[in-house]
Amino acid sequence: MIRMQKGGLDMKLLKIEGDLGYYLNNEGNYSKIDTITKEDLMRLADLTLEKDVEFDENHDEGIKNPAHQIVYKSILKNLKGLENRKQEFKDEVSRLYLSDYEKYQNQSS
Amino acid sequence: MKKIDFHIHTLSTVRDSKFDFDLETLKRYAREANLDAIAITNHDIFDVGQFEQITNALDVVVFPGIEVSMECGHILVISDHCNLSDFNDKAGQVAKKVTRREDCVTIAEFEVIFGDLSKYLVIPHYEKKPAVSGDALKHISSYVSAGEVDCAKKFIRTLKDNQKLTPVLFSDVRISDKLATLPTRQTFLDCGELSLNAIKACLRDRTKVALTQSDGNELFQIFDDGQKLSTGLNVLLGDRSSGKTFTLDKIAQTHEGVKYIKQFDLVQQDNDAYERDFNNELQKDKSQFTEEYLSGFKTVLNDVMYIDLEGNDRMVEKYVSSLLKSAFEAHRKDEFSKVVLFGELEFALKENKVLINLIESVRQVIENGEFGKIIEKHIDRNSLKNLACELIELLWHREYDAKKKNHINSLIREIKQNLRLRSSAVPVEEVDLYRMIVERRKIRRFEKIVKNLQKDGIIAEESIQGFTVVAKKGPFTGAGEIKKASLSKVAFSDVFVLYERPYDYLRALVNKEGLTHSELYKFFAKISYQILNKDGFEVSGGERSEFRLLQEIKDAQNYNILLIDEPESSFDNMFLKSDVNQLIKEISQSTPVVVVTHNSTVGASIGADYIVYASKEHDGGKIKYRLYSGYPSDKSICSIDGKAISNHKTMLDSLEAGHDTYAERRLGYEAIKD
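The listed protein sequences derive, respectively, from chains A and B.
For the first sequence, my numbering assigns the number 111 to the last residue and increments by one with no breaks.
For the second sequence, my numbering assigns the number 1085 to the last residue and increments by one with no breaks.
I should point out that these hints are in silico values taken from the structure, not numbers from a laboratory.
Incorrect hints may have been included.
Below, simulated SDA-like cross-link-like pairs (lysine to any residue); rule was C-alpha separation at most 25 Å, straight line [unchecked claim]: (1) B/764 / A/78; (2) B/749 / A/95; (3) A/82 / B/838; (4) A/105 / B/472; (5) A/75 / A/108; (6) B/815 / A/30; (7) B/815 / B/744; (8) A/75 / B/825; (9) B/815 / A/49; (10) A/79 / B/755; (11) B/749 / A/29; (12) B/611 / B/749; (13) A/92 / B/837; (14) A/40 / B/445; (15) A/92 / A/71; (16) A/79 / B/749; (17) B/749 / A/19; (18) B/749 / A/31; (19) B/814 / A/19; (20) A/34 / B/836; (21) A/75 / B/813; (22) B/749 / A/88; (23) B/744 / A/21; (24) A/34 / B/445; (25) B/996 / B/1010; (26) B/816 / A/48; (27) B/764 / A/90; (28) A/79 / B/831; (29) B/736 / B/805; (30) A/34 / B/769; (31) A/82 / B/764; (32) A/92 / B/768; (33) A/40 / B/756; (34) B/815 / A/90; (35) A/88 / B/811; (36) A/40 / B/1010; (37) A/34 / B/609; (38) A/53 / B/805; (39) A/75 / B/445; (40) B/816 / A/84.
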């Protein structure tokens, strides 16, 4: 297990080190990408939507392990997509009943 | 009384069909209709040059105006003659905003352009399309003088209601040399001088507007030669070929919103075809009721439409066999199958239906005005608003969570698929047992609902003029009946064998080609209608015609004028007297009616408000058709060109075949009385 490196401006959610892919676990450490669960994925998605985050890019010479390669590549692509659509993702949901919400919030004491 | 028409078009704009203005026609119209004042009101444009040309050519007062296409409807703005250039500037600003058919002006823009609108005569379309109504009308009410209507019927109706604007009836005519008949829609004002202020003051008093010069609102002009009719019930009499039907046809051609029941229209000719048409029409009339009755079932059906119980069973089988196989081959795990996501299940997603319904219900309680006092007696509205806000926040949170889970689920699926491609280990199939159990229960409930729906029963009864329309439900008895209900050419015999088993029948319908899935709810139970006569039996052929006539007359409420040509040719006197006369009289309280008749039961007993007699006369070697008209109590009735004939003689000749025949008949009846 690798300790998270402090001091960077943004939180790094995915990193590549020594031919393998890693993700930031719930204790602030990095775990191998093949141990990631759906709950971990949910947490990483939350962080991507709420915070400024960064990821190691996946170059050809990076991850050699083919299983790691498959998982890392998919997650990286997905989280980056989420990061780009952050606002749209949130807005779509908060538009539900928004006018009623604003009206009642202003009217109620 | 001054006769005015303040809605005249003289320019072809994007909102009109193409026409070429003809000054001579306008002069003829002003002269023949005896107009005292007109206004030129083109769509979103004012042409000062053309206006001055018209003013110089006509002997009547001409006001400058414009018909503004507003977001909320059309509004006439009429100005006085002073300050023509200022009006021209303002109209120019409207013209700049409206250059295409879809352009319009907002109320705010309208008020900025015209500034102090109390200087103008402002008349919105009121009982006329596109009408200004609701909040928009309330907003402009401070500077509105009257509301424009499009027929005599609406004029009377609006005039009688003190809560409404003073009505004005104008022609809205496009003046061109192609104008076949001159307009008959104008308004009389009881005002001394024809200044804009005097007219505005006059319109503030609703008793000062009328449809005719001397008959107030009893009569209105029907033809451009000045012929008038009653706004109530008119009886049109005359010999054969004297021009009665011609007169009705002319009214139908020159007026909008005419309901015309032609002679023999409702008589059955081919029994079977008539019954079929009648039933089809009835079904069509009642289709809204059928829709409403089945709407609950439609919701249920939509919910279960794509449930596939066999498919669910197959998935469970696959799950069990893949699970066993995977356990058996556990030793063959490789680096791909060791990745945790290889065997990961997706997040289960919950629907927020209950929460959404709850928010909607709370919202309804907050917004309800009708029962507001009772609600406030028990619940504090502020607490309800806080509750609504908290529920909405929870909904946002849940929807946000669901959206993320959906996103992650698709990521998991993608990774699993890629890992499986490379791995030699047996993956365990996914299965959502919870969903499957819920679906099984839904289908059981659905089958019960269908069985109940298919039980014979009466679902509604409605009385219409002595007849009773009964709506019944029950099972379809054959594939042909379903085909009829579907209004399609699709044959249902292959699926009908499953009709007794609602779920199997539904699956067969869903998989059948040529059917629209949103229509499937119609194919489970038959909703039919039957008309019963006064004695509770199904109606006979003759009674069906009677029912249709009464329905047609009743339907006239939605029209501006009702024309009926010789109802006696299809019906017996008792029916005419007891039902038809009564209904016609009722309708004529709100809609002008013209009945052509030779029958004394209709003509003499109905209590007409106005008599019109059509006559074919030889005038200097030429045939001349004349209409004589007057009130039933008048000694003589007169034609437009000043001729008069005896009312009494006309009535006896037309309805009783003359005085002698009438006297003979009376003696005959008296002789057999006892």
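Results of checking the hints against the structure:
no.	hint	in the structure
1	B/764 / A/78	violated, 33 Å
2	B/749 / A/95	violated, 36 Å
3	A/82 / B/838	violated, 28 Å
4	A/105 / B/472	violated, 54 Å
5	A/75 / A/108	violated, 47 Å
6	B/815 / A/30	holds, 22 Å
7	B/815 / B/744	violated, 31 Å
8	A/75 / B/825	holds, 11 Å
9	B/815 / A/49	holds, 12 Å
10	A/79 / B/755	holds, 19 Å
11	B/749 / A/29	holds, 23 Å
12	B/611 / B/749	violated, 90 Å
13	A/92 / B/837	violated, 38 Å
14	A/40 / B/445	violated, 87 Å
15	A/92 / A/71	violated, 30 Å
16	A/79 / B/749	holds, 22 Å
17	B/749 / A/19	holds, 20 Å
18	B/749 / A/31	holds, 21 Å
19	B/814 / A/19	violated, 32 Å
20	A/34 / B/836	holds, 21 Å
21	A/75 / B/813	holds, 24 Å
22	B/749 / A/88	violated, 32 Å
23	B/744 / A/21	holds, 22 Å
24	A/34 / B/445	violated, 98 Å
25	B/996 / B/1010	holds, 16 Å
26	B/816 / A/48	holds, 11 Å
27	B/764 / A/90	holds, 23 Å
28	A/79 / B/831	holds, 19 Å
29	B/736 / B/805	violated, 43 Å
30	A/34 / B/769	violated, 44 Å
31	A/82 / B/764	violated, 31 Å
32	A/92 / B/768	holds, 22 Å
33	A/40 / B/756	holds, 8 Å
34	B/815 / A/90	holds, 13 Å
35	A/88 / B/811	holds, 12 Å
36	A/40 / B/1010	violated, 88 Å
37	A/34 / B/609	violated, 92 Å
38	A/53 / B/805	holds, 22 Å
39	A/75 / B/445	violated, 88 Å
40	B/816 / A/84	holds, 13 Å
Figure legend: structure checked against the earlier numbered hints; hints not met, in rising order: 1, 2, 3, 4, 5, 7, 12, 13, 14, 15, 19, 22, 24, 29, 30, 31, 36, 37, 39.
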